Amino acid sequence: MRRGLNYTSSPLLASKTPAWRSKFVMACVVFAFTGLAGRAAWVQVIDNDFFLRQGEVRFARTLELSANRGRILDRNGLILASSVPAASIWAIPEDVEKNTPEELSKLPQLAKLMEMPLDQLKKKLEEDKSFVWVKRQLDWDVGQQIKALGIKGVYQSREYKRQYPEGEAAAHIVGFTNVEDKGQEGMELAFEKDLAGKIGSRRVIKDRMGRVVEGVGEDIPPIDGRDIQLSIDSKIQFFAYQKLKEQVIAHKALGGTVVVMDAKTGELLALANYPSFNPSNRKRLTGEQLRNRAITDVFEPGSTIKPITVGIALENGKVRPGTQIDTSPGRINVTGSTISDTKNYGMLTVEGVIQKSSNVGTTKISQQLTAKEMWETFSAVGFGQKPQIAFPGAASGRLRPYKTWRPVEQATMSYGYGLSASLLQMTRSYTVFSNGGNVIPATMLKLDKPPVGVPVFSERTAEQVRKMLALATGPGGTGQRAQTVGYSVGGKSGTARKQVGKNYAAGKYRAWFTGMAPIENPRLIVAVMVDEPSNGTYYGGAVAAPVFSTVVQQSLRLLGVPPDMAVQPQIVANPVEESL
Amino acid sequence: MLRLNFLLLVAVMLSALYLVQTQYESRRLFTELHRATNESRNLETEHQRLQVELRAQSTPARIEALAVAQGLQGASPAITHYVRDTQQTGGAQ
Numbered sequence: 001m002r003r004g005l006n007y008t009s010s011p012l013l014a015s016k017t018p019a020w021r022s023k024f025v026m027a028c029v030v031f032a033f034t035g036l037a038g039r040a041a042w043v044q045v046i047d048n049d050f051f052l053r054q055g056e057v058r059f060a061r062t063l064e065l066s067a068n069r070g071r072i073l074d075r076n077g078l079i080l081a082s083s084v085p086a087a088s089i090w091a092i093p094e095d096v097e098k099n100t101p102e103e104l105s106k107l108p109q110l111a112k113l114m115e116m117p118l119d120q121l122k123k124k125l126e127e128d129k130s131f132v133w134v135k136r137q138l139d140w141d142v143g144q145q146i147k148a149l150g151i152k153g154v155y156q157s158r159e160y161k162r163q164y165p166e167g168e169a170a171a172h173i174v175g176f177t178n179v180e181d182k183g184q185e186g187m188e189l190a191f192e193k194d195l196a197g198k199i200g201s202r203r204v205i206k207d208r209m210g211r212v213v214e215g216v217g218e219d220i221p222p223i224d225g226r227d228i229q230l231s232i233d234s235k236i237q238f239f240a241y242q243k244l245k246e247q248v249i250a251h252k253a254l255g256g257t258v259v260v261m262d263a264k265t266g267e268l269l270a271l272a273n274y275p276s277f278n279p280s281n282r283k284r285l286t287g288e289q290l291r292n293r294a295i296t297d298v299f300e301p302g303s304t305i306k307p308i309t310v311g312i313a314l315e316n317g318k319v320r321p322g323t324q325i326d327t328s329p330g331r332i333n334v335t336g337s338t339i340s341d342t343k344n345y346g347m348l349t350v351e352g353v354i355q356k357s358s359n360v361g362t363t364k365i366s367q368q369l370t371a372k373e374m375w376e377t378f379s380a381v382g383f384g385q386k387p388q389i390a391f392p393g394a395a396s397g398r399l400r401p402y403k404t405w406r407p408v409e410q411a412t413m414s415y416g417y418g419l420s421a422s423l424l425q426m427t428r429s430y431t432v433f434s435n436g437g438n439v440i441p442a443t444m445l446k447l448d449k450p451p452v453g454v455p456v457f458s459e460r461t462a463e464q465v466r467k468m469l470a471l472a473t474g475p476g477g478t479g480q481r482a483q484t485v486g487y488s489v490g491g492k493s494g495t496a497r498k499q500v501g502k503n504y505a506a507g508k509y510r511a512w513f514t515g516m517a518p519i520e521n522p523r524l525i526v527a528v529m530v531d532e533p534s535n536g537t538y539y540g541g542a543v544a545a546p547v548f549s550t551v552v553q554q555s556l557r558l559l560g561v562p563p564d565m566a567v568q569p570q571i572v573a574n575p576v577e578e579s580l
Numbered sequence: 581m582l583r584l585n586f587l588l589l590v591a592v593m594l595s596a597l598y599l600v601q602t603q604y605e606s607r608r609l610f611t612e613l614h615r616a617t618n619e620s621r622n623l624e625t626e627h628q629r630l631q632v633e634l635r636a637q638s639t640p641a642r643i644e645a646l647a648v649a650q651g652l653q654g655a656s657p658a659i660t661h662y663v664r665d666t667q668q669t670g671g672a673q
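Residue numbers (the numbering used here), protein chains in the order written: chain H, 1 to 580; chain G, 581 to 673.
The reader is advised that the hints may include incorrect statements.
Across the chosen pairs, the derived CB separations fall in these ranges [stated by the list, open to error]:
#1 LEU588/G x ILE223/H: 50 to 58 angstroms
#2 ARG211/H x GLU626/G: 17 to 25 angstroms
#3 ASP448/H x GLU624/G: 21 to 29 angstroms
#4 PRO455/H x ALA647/G: 41 to 49 angstroms
#5 ASN622/G x GLY501/H: 52 to 60 angstroms
#6 GLY210/H x ALA655/G: 55 to 63 angstroms
#7 PRO455/H x THR660/G: 31 to 39 angstroms
#8 GLU626/G x GLU246/H: 36 to 44 angstroms
#9 LYS123/H x GLU626/G: 45 to 53 angstroms
#10 ALA658/G x GLU246/H: 18 to 26 angstroms
#11 VAL30/H x ARG608/G: 43 to 51 angstroms
Straight-line distance between alpha carbons at most 25 angstroms, and here's what the computed DMTMM-like set of lysine to aspartate or glutamate pairs gives [claimed, not checked]:
#12 LYS124/H x GLU94/H
#13 LYS206/H x GLU605/G
#14 LYS106/H x GLU127/H
#15 LYS112/H x GLU633/G
#16 LYS161/H x GLU619/G
#17 LYS245/H x GLU644/G
#18 LYS147/H x GLU619/G
#19 LYS446/H x ASP194/H
#20 LYS152/H x GLU97/H
Chain H stretches covered by chain G per the calculated footprint, using a threshold of three residues with CB under 8 angstroms from any CB of chain G [unchecked claim]:
#21 83 to 91
#22 229 to 239
Hint data in this document are derived by calculation from the structure and do not stem from the laboratory.
Note that the structure is predicted; figures quoted are calculated from it, not measured.
All C-beta atoms, glycine included, are put in the ideal place defined by N, C-alpha and C.
Just chain G, with the same shape it has in the complex (with noise of 0.2 angstroms):
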């Protein structure tokens, strides 16, 4: 009878070491997630504001600021050859 109860306690001990150790993983893991979600929400956050400055500096305005300080002129229809599709039909002519 002793020993079983000692097996018991001996039981509830180690489970209630797990116990703890269980809660403590799961506040890591928790915290780990906590920051992980942040730091994709800001790494998001960064590539629009990346794509934004990426726009901004191929918008059309510049582009044509940037080839008339060049020197270069627009096309148009006169200084441009068209290629015929011949591959497809009813394609663009």
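Isolated chain H (complex conformation) (with noise of 0.2 angstroms):
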């Protein structure tokens, strides 16, 4: 059959179009057209925000660039502190796989690396909650263990923790921080601004992947925390640290504290207390451990106070060392009160005062002098004041005004009692005798030139007191102990009994030695306080002063100080094979 119609000669095509039929249609088209474009045009350069915003959310990060804290390293550039990454355990206890007996099968491994008990562990990933901490501060390559093992639902992040190589025989100084990596305690605590960063930011696109692609905005960078370098002597603090826990075990004492300062700069090379704590490990820490009783605690410091007086009745022109004193017969009366030494000594010149340490040889003297010159020179040398160390916790003591004296109390003063200072404090006020009259502040932050005393005696005064020093530590002086082979060492002891309520407590007592060596030109100041000692012995002349005495000689050593007396050398030398 053929087609019967041509396309061209169709009837259809005859029947003409409205012309404004196509013009609508053309119509329509700009105008979807031109809604369209407007649209573009609102969306991309108008009101763009929106968009520009919501990729932004999708895409760019913000990341946090932490900052590292600072160290403390002591003064030969040793780390006392310092922070190294750690693993922090985290998880989301629904993610975690508890039906699968192959997830399950590392649940004990886990357990085992973070060293805890996997009922514990279970209990922690069945906690209702869309995150918890598993545990944290982990050691970086146990981290990388857990990581390996590849459980689902339990992640790490990386956190910094402080590491303290010296452990306990530093930590009162150094302090810690807390898993924040922010200072709790000692210097740490001290200088939390100085070592604490600042941490930076930088603003990222990330792809589908996570991968940065590209930085937008500036970025902050991190300012890592400065480090602080101590005064400390980490060999030093080691050695006094080992001593004063030897004796301390030794003579079954409470505790005890030992504090090493460089006589001509006032540093601290050392500041060690027992009992101590392990800065890494503060599980079940008491405070007893963790106070810093050379700084923090007060006590009477008894006969170590009576160069000081002494000084000042030789300053002021009251006695000469060779005075004589009569002390007969062992007891004086004051207003009423008793004083009296452990023995009648007789007639004593000002050094054997010092050298026997006898109280009413102190108190005669003391009647010479107006309350108002001990005041002042107390408070010069830095009784009752607060001490200028940046050290957290610092105690001032206690000296009352002088007006408030009544005589007897200006007696016991002269003494030690009826005062309080800190083993610090009592440190520093030996400078006085070691630094040719000048008393200098304490640190325990490295100095690069000696600091400017205050000058309280004179250099004559000064050493007339070094040389009762020596005497206290020689023959027939209550400090033989102390003394070391091969350095000169000047002294005194002390035995205060301590103070319980309002009133003193029988048999408990606080033994002291603070002294100086080498005595001609001391190099250190050390002061050792034992916290009753209770084996028998409690007197500072046999409980204290062996400390100081292996602290004296182990530290003049280690900072390169010749002998100053004569040693009776016992070097043996290779032994030389005889021949046949």
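Assembly of the complex is requested from the two constituent chains, each provided in isolation within its own frame, with the hints serving as guidance.
Rendered as structure tokens:
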């Protein structure tokens, strides 16, 4: 069958389409495109904030750039505290698969790596929370091993943990930080501002896979914390701590403390307390362990203050070192109260008063002084004043205004009762003798140049008292056990009765020894205090002086100070083999 | 006129391609820099960690324990031979 019609001759084409129809369609199309173009311009040019923001939310991220906390160094640049990366393990409990045996078998391994009982771990993973810390601040290596286990729902993030290589020996000075890396005690707290760094940030665009593609905006670089260099010498610190610990244990004492100070600069070379603690593991820590006794505790210094009383009298020309003082019959009555010596020493020179540590002699010397004179010098050497030292909780001790002193109080203060001071203050006060009569401030930070001292005594007085201190450690003195091999020493022992409540407790003592070496030109001042030795002996000369002796001897040797006394050499040369 | 337009078109195309290339390069370099900075920080931290470890292995407490275990005794002036420094005047005597 043939088709009957040609296209060109179709009758349908014969009817004319009205012109308005094509125009109408055209107008519709133009309108639609205009609408689209308008919308596009609106979205992309005029009101693009919303989409820009949404785009950023999806791809732009702010990365936190962590800053390192500064280190704490000793005077020789050795590390006392430093931050190291640590892995903190966290979990999304509902993501942890507890039904598949394969995943379950990994949990004991995880518990073992974290040194955590399995039950405790399981309990944590069953908590009804979307986020739980499983264990924070694990060693970085342990973290890597945990990562290798690949447990679903268990993640880790990088944190910083403080490491203290010196451990308990320097714990009280260095202090420690909390889990957030903030200083809590000691120098970590005192210098928190300097040590803490400032975190930085960087705005970046990440792709679908989480890779950083491009940086946007400005970076804020992190600022690392500043390193703090202390005046502490870690070798001396360790040695002082070790010797103190041995003595405290040997004498069954409650505790003890030792301070080693550079006699010329006031820098603290060591400051140790026992009992101490391990700053890296602070579980079951007691206040007793935590206390930095040398700085925060104040005691009545007892006889260790006598050299200062005698110094005042020498300085004011009231006595000379050879002035005779009658201490018989070993007692003296001051406005109704009796002050006594352990025995009747009879006639003593001023030097002898210090050597024998006579209370009666010191009282008689102090009676020639006014309360004001004594108070002024005691204040000048730092008693009753807050030490200018960057350490949290430094105690100022007690020294009452001289106007309220009664005669008997002036007498008792002359031999160290009725006022209180910390061991640090006591140590510092002795710089007046080691430093030509000038008292210098104590510092925990390494100094570039020696500080300017405040003159209290004349050079001559300082020298005279040093000679007396040497006598006190010599034959017939109370501190003979302070002697060392090779180095001349001088110092004063003290045995103070402990105050419990308002009265002095029977049988409870504090043994002190404060001294310096080499005595002609002192390099070190060492002060030792042992609290309640309860092994029969409790005298400062017997309990504290031996610690002084070993610490002085080792410290001077470590500092490279040649001996100033003749030493019997015991050097054994290599044995020579006899020829056959 | 047509020729000039054509040339301009080519120039625009080339410039556009170059822009894409530069953009790509800049992103690549940024990523590299970011990675390198991270690595440098990581290495620095690692360095610090190792330094602490080194220090922990050489503390006086450890040395003392090791020395005692080997039967060594501490030095004292009695077993020290002191040498005078004759070169420097006013130095250690």
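Where does the structure disagree with the numbered hints, that is, which hint numbers, in rising order? 9
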